[in-house]
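Participant: Protein chains in written order, with this note's numbering: chain H, 3 to 254; chain Z, 3 to 254; chain X, 3 to 254; chain P, 3 to 254.
Please note that the accuracy of each hint is not assured.
Since the list can't tell identical chains apart, any single copy or any two copies may satisfy a pair.
What the hints assert, rightly or not - PhoX-like mimics (lysine-lysine), calculated; alpha carbons at most 25 Å apart, straight line:
#	residue 1	residue 2
1	69	160
2	225	160
3	131	47
4	225	153
5	114	135
6	179	145
7	152	69
8	47	135
9	7	115
10	225	7
11	153	69
12	18	153
13	135	184
14	47	145
15	235	18
16	184	225
17	225	44
No wet-lab data here; the hints were simulated from the structure.
There are 4 protein chains.
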Amino acid sequence: MESIKTIFYEEPELDKPILIEGLPGVGNVGKLAAEHLLDQIKATKFAEIVSKHFPPQVMVNDEGLTKLVNNEMYYSKGEGKRPDLIILVGDYQGLTPDGQYELSDHTLHLAKKFGVSMIYTLGGYGIGKMVEKPRVLGAATHKDLVEEMKKRGVVFSKGEPGSGIVGASGLLLGLGKVYGMKAVCLMGETSGYFVDPKGAEVVLRVLADIINVEVDFSALQNKAEQIELITSKIKEIETPQEPKKEDLGYIG
Amino acid sequence: MESIKTIFYEEPELDKPILIEGLPGVGNVGKLAAEHLLDQIKATKFAEIVSKHFPPQVMVNDEGLTKLVNNEMYYSKGEGKRPDLIILVGDYQGLTPDGQYELSDHTLHLAKKFGVSMIYTLGGYGIGKMVEKPRVLGAATHKDLVEEMKKRGVVFSKGEPGSGIVGASGLLLGLGKVYGMKAVCLMGETSGYFVDPKGAEVVLRVLADIINVEVDFSALQNKAEQIELITSKIKEIETPQEPKKEDLGYIG
Amino acid sequence: MESIKTIFYEEPELDKPILIEGLPGVGNVGKLAAEHLLDQIKATKFAEIVSKHFPPQVMVNDEGLTKLVNNEMYYSKGEGKRPDLIILVGDYQGLTPDGQYELSDHTLHLAKKFGVSMIYTLGGYGIGKMVEKPRVLGAATHKDLVEEMKKRGVVFSKGEPGSGIVGASGLLLGLGKVYGMKAVCLMGETSGYFVDPKGAEVVLRVLADIINVEVDFSALQNKAEQIELITSKIKEIETPQEPKKEDLGYIG
Amino acid sequence: MESIKTIFYEEPELDKPILIEGLPGVGNVGKLAAEHLLDQIKATKFAEIVSKHFPPQVMVNDEGLTKLVNNEMYYSKGEGKRPDLIILVGDYQGLTPDGQYELSDHTLHLAKKFGVSMIYTLGGYGIGKMVEKPRVLGAATHKDLVEEMKKRGVVFSKGEPGSGIVGASGLLLGLGKVYGMKAVCLMGETSGYFVDPKGAEVVLRVLADIINVEVDFSALQNKAEQIELITSKIKEIETPQEPKKEDLGYIG
C-alpha cells in the first residue's frame with residue numbers, strides 16, 4: 003500500500019491558481035476559515051487524499067455512511083479580479099513528523115502540477131488566554147510579501163510566534179520555497195482552548211480581501227456567539243466569585 | 003523481512019464468500035462474536051498472517067508450546083441459503099496507524115483474491131457505563147445496506163459513534179470501498195471496561211440471521227453470567243453504601 | 003544506511019552449533035546467564051551487529067574509549083559431548099516492535115548460515131515479589147522438547163507466563179519455527195525489580211547440563227549476595243515495623 | 003520525498019578538514035560552543051540539511067521570514083597552524099533513534115567526501131546540580147587520543163558518563179570509527195537545567211587550543227552572567243530560608 007494515495011474526480015485546467023490551506027490545528031482556526039470560504043464560493047471537489055499517515059479511522063455521517071478520513075482538494079474558477087483557487091481542507095494532519103513532511107511534500111507536488119506559485123496557509127496562534135480582538139499575525143517566505151501583508155493590517159511581531167510554525171501551515175512555506183513557490187502564513191490569535199470561529203473570521207477577512215472574494219460572515223459569527231455563550235458559562239462555573247448583592251439570585 | 007507474511011495451509015475454492023472480521027477491540031465484542039461463530043460452524047483454518055506490526059511476542063499454550071502472535075483466516079463452505087464464509091480472527095490488531103492501514107489493506111487484497119465482495123466487521127461501541135440491554139449500532143458503505151440493516155433492528159443514530167470507527171472494523175469499510183466492496187460494521191454496545199460476551203451475543207444474533215447460521219448462544223451466555231458475577235462483586239466493593247438494616251450481616 | 007549491519011571478524015566453520023541467546027530483559031537474567039557462560043568457556047567474538055533499532059548511543063569504557071551499542075556473537079568449539087555453540091549477547095534489544103522483529107529475523111538468518119537448528123533463549127519471568135528458590139519455567143516450539151525439559155526439572159505451568167513471552171527470547175522461538183528450527187525458552191523466576199544473578203544461576207544450571215558444560219557459579223553467587231545485601235537494606239528502610247523488644251537498639 | 007536532503011551553496015576544496023559538531027543537547031553546551039566559534043572565525047555556510055527526521059516546523063526570524071528547521075554546515079579555511087574546519091550546527095537533532103542514526107551517517111558520508119579524518123563533538127554532561135567550576139570530560143575512539151586529551155586537562159573518569167553518550171555527539175564517534183575516522187567527544191559539566199554558556203566556555207577553551215584558534219570569550223561570559231542572575235533569583239524564590247536578621251528587609 004502506498005503511503006499516500008490521491009483519488010482524482012477531475013483534473014481541472016487552472017490558470018495560475020492560488021493554493022489555500024486550512025487543515026485542523028490550534029483552535030481549528032485555519033480549518034474553519036477555509037471551510038467557510040468553501041461555503042461562500044462555487045467550488046468543486048476534484049481530489050481526495052488518503053494516507054497511512056492519518057489515523058486508521060472512518061467517519062460516520064448522519065445517514066450512517068462511512069468515509070475514510072482524508073484531505074480534500076477543491077478548485078474554484080476565478081472571475082474578474084478573483085484568481086483561480088485550490089483549497090485544501092481535511093479531517094486530520096499527518097500523525098507523525100515523518101507523515102507531516104510526506105503529506106506537505108505531496109501537496110506541493112500536486113500544487114506544482116496544477117500551476118500553483120503562490121500559497122496562503124491559514125492557522126491559529128494560541129496565546130493561552132481569551133482574546134477580545136484577535137490580531138492576524140503573519141510569516142512569509144519573501145520580504146516583499148511581508149511588506150504587502152503589513153499594508154493589509156497583518157502583524158509581524160518580533161518573537162511571535164516564538165517557537166515557529168508547526169505542521170502543514172509551516173511546512174508548506176518551508177518546503178514550498180524548495181519548490182520555488184512564494185507563500186504567506188496567516189495566523190488568527192486564539193486562546194487555543196476552544197474551536198474559535200472569531201479567529202477564523204479575522205483570518206478570512208484578510209484572505210478574502212487579497213483574493214477578491216466577497217464573504218458573508220454571519221454564519222461564522224453565529225458560531226462564534228454560540229461558543230462564547232458556552233465558554234462564558236464554563237467561566238462562571240470555574241471562577242468562584244465573591245457574590246455581589248445583585249448577583250445573588252443568579253449565582254445561587 | 004517482509005512487513006506482513008501470509009502462510010497458507012490451503013487455498014480454498016470459494017463461491018462469493020462473505021468476509022467476517024472479529025479482531026480484538028472495545029470489550030473484545032467482535033473477537034468474542036467471531037470466535038463463537040467459529041465454534042458453531044464447521045470452519046477450516048487456511049491462512050496465518052504474521053507481521054512486524056504486531057507485538058514482538060509469542061503466546062504459550064497450556065502444553066507449553068509457543069505460537070507467534072498472528073491473525074488467522076478460516077473458511078466455511080455454505081449450504082442452502084448459507085453463503086461461503088471467510089472469518090478473520092486474531093491475537094492483536096496492528097500496533098501503529100501505519101500498521102493498521104497495511105494490515106487492513108493486506109486483508110482486503112487476500113479477500114479480493116478469494117472473491118469477496120461483501121464484508122461484515124464486528125466490534126464494540128463503548129459507552130462508559132454498564133448497559134442492561136445492549137443495542138447493535140451500525141455503519142455502512144452504501145445506502146441500501148443502511149436500509150437493510152435498519153429492517154434487521156440495527157440502530158443508526160445521529161452522532162453515534164461520534165468519533166467514527168477506529169481500527170480494522172472501520173478501515174475494512176473505508177479501504178474496502180476503494181477495492182469496490184460493500185461493507186457493514188455491526189457494533190454491540192458495551193461498557194468498554196470488561197470483556198463483554200453480552201455485547202458479542204447481540205452482534206452475533208444480527209449477523210447469524212443475515213448469513214443464515216443457527217447459533218447456540220448458551221456458551222456465550224454462560225461467559226456473560228460469569229463476567230456479571232465478577233463485576234457485580236467489584237461494584238459492591240467499590241460502591242460504599244449506606245448500610246440498610248437487612249444488609250448489615252452481609253456487608254459487615 | 004542499512005537498518006542492521008553485521009561486522010564479521012571471522013567466519014567460523016561450525017558443526018551443528020546450538021544458538022544461545024542472552025540479551026537484556028526482565029531482571030537481566032538471560033544476559034547475566036549468557037555472560038557468565040562466556041566467562042566460563044573458551045569463546046571467540048566473531049561478529050558485531052549494529053542497528054538503527056538500537057538507541058543512538060555509545061558506551062564509554064573505563065579507559066575512556068567509546069563503543070557503539072551493539073549485539074555480539076561468540077562461538078565456542080565443542081569437545082566430546084559438548085556441542086559447538088554460538089552465543090548472542092548485547093547491550094540492548096530493539097527499541098520498537100518493528101526493530102525487534104527485524105533483529106530476531108536477522109539473527110535467525112545468520113544462525114541458519116552457520117548451521118544452527120536448535121536454539122535456547124534465556125530470560126527472566128517477573129513475578130513482582132522476592133523469590134527465595136526461583137523455579138525455571140519453560141516454553142518450547144515442539145512437544146518432544148517440552149517432555150525433555152520436564153525431565154530436567156523445567157516447570158511447564160498452565161497460564162505461566164500468562165501474557166506470553168515478549169522480545170527476542172520469544173521471537174526466536176516464534177520466527178525460528180518458520181526457519182525450520184527447534185527452540186526452547188528457559189525463564190528464571192525473578193522479582194523483576196533488580197538485576198538478578200540468582201535467577202541467572204538457576205537458568206544456567208539447566209542449560210549447562212544440557213550442553214555438557216561445567217560451570218563454576220561462585221562469581222554469580224557473589225553477585226547475588228551483594229544484590230541481596232542491598233535489597234535487604236532497602237527493605238528495612240521501606241518497611242516500617244512494629245519494633246520488637248530485641249530490635250529497639252538496632253532500628254531506633 | 004527523501005528522508006534527508008542536502009542543499010549545497012558551494013562545494014569547497016578543503017585540506018584535511020576537521021569536523022566540529024555542536025548540535026542542541028544537554029544545556030545546549032555543544033550548540034553554544036560551536037556557534038560562538040562561528041562568531042569568532044571567518045566561516046562560510048556551504049550546505050543545509052533538511053530532513054523528515056526533524057520536527058515539521060519552520061522558524062520565523064525577526065523580519066517575519068520563515069526558514070525550514072535544519073542543520074547547517076560551515077567551512078573555514080585554515081592558516082598557519084590552524085587547520086581547515088567544517089562546523090556542523092543546527093536547530094534540532096533527529097527526533098527518533100532511527101533518525102539520529104540516519105542523520106549521523108549522512109553527516110559522516112558528507113564529511114568523508116570533503117576529506118575529514120578527525121572529528122570533535124561538543125556536548126554537555128548533565129550532573130543535576132549547579133556546578134561552580136565545570137570540568138571538561140572526554141571520550142574518544144582511540145587510545146592515543148585519550149592520552150593527548152588528558153595532557154590538555156580533559157578528564158577521563160571511570161563511570162562518567164555512566165550511561166554513555168546519547169545523540170550525535172556519541173554516534174559520530176561510534177559510526178565514525180566504521181568510516182575509519184578518529185574522534186573525540188568533549189563534554190562540559192552542566193546542571194542540565196538551563197542553557198549553559200559556562201559549560202560551553204570550558205569546552206570551547208579546550209577545542210580552541212587544539213585547533214589553534216584565538217577566541218574572545220566575553221560574549222559567552224556575558225550570557226553566562228545573565229543566566230546566573232536569573233537562576234540565582236529563581237533559587238531565592240524556590241528555597242524557603244530561615245530569615246537571618248540581616249536578611250529580613252530584603253526577603254520580607
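Participant: Please go over all the hints and tell whether each is borne out by the structure.
Facilitator: A quick look at each hint next to the structure:
no.	hint	verdict
1	69 x 160	between (43 Å within a copy, 15 Å between copies)
2	225 x 160	between (32 Å within a copy, 20 Å between copies)
3	131 x 47	neither (36 Å within a copy, 41 Å between copies)
4	225 x 153	neither (29 Å within a copy, 37 Å between copies)
5	114 x 135	neither (36 Å within a copy, 55 Å between copies)
6	179 x 145	within (13 Å within a copy, 45 Å between copies)
7	152 x 69	between (41 Å within a copy, 19 Å between copies)
8	47 x 135	neither (34 Å within a copy, 42 Å between copies)
9	7 x 115	both (16 Å within a copy, 22 Å between copies)
10	225 x 7	neither (34 Å within a copy, 44 Å between copies)
11	153 x 69	between (42 Å within a copy, 23 Å between copies)
12	18 x 153	within (24 Å within a copy, 52 Å between copies)
13	135 x 184	neither (29 Å within a copy, 50 Å between copies)
14	47 x 145	between (33 Å within a copy, 21 Å between copies)
15	235 x 18	neither (47 Å within a copy, 57 Å between copies)
16	184 x 225	neither (33 Å within a copy, 37 Å between copies)
17	225 x 44	within (22 Å within a copy, 57 Å between copies)
Taken one by one, the earlier hints fail for this structure at numbers 3, 4, 5, 8, 10, 13, 15 and 16, listed in ascending order.
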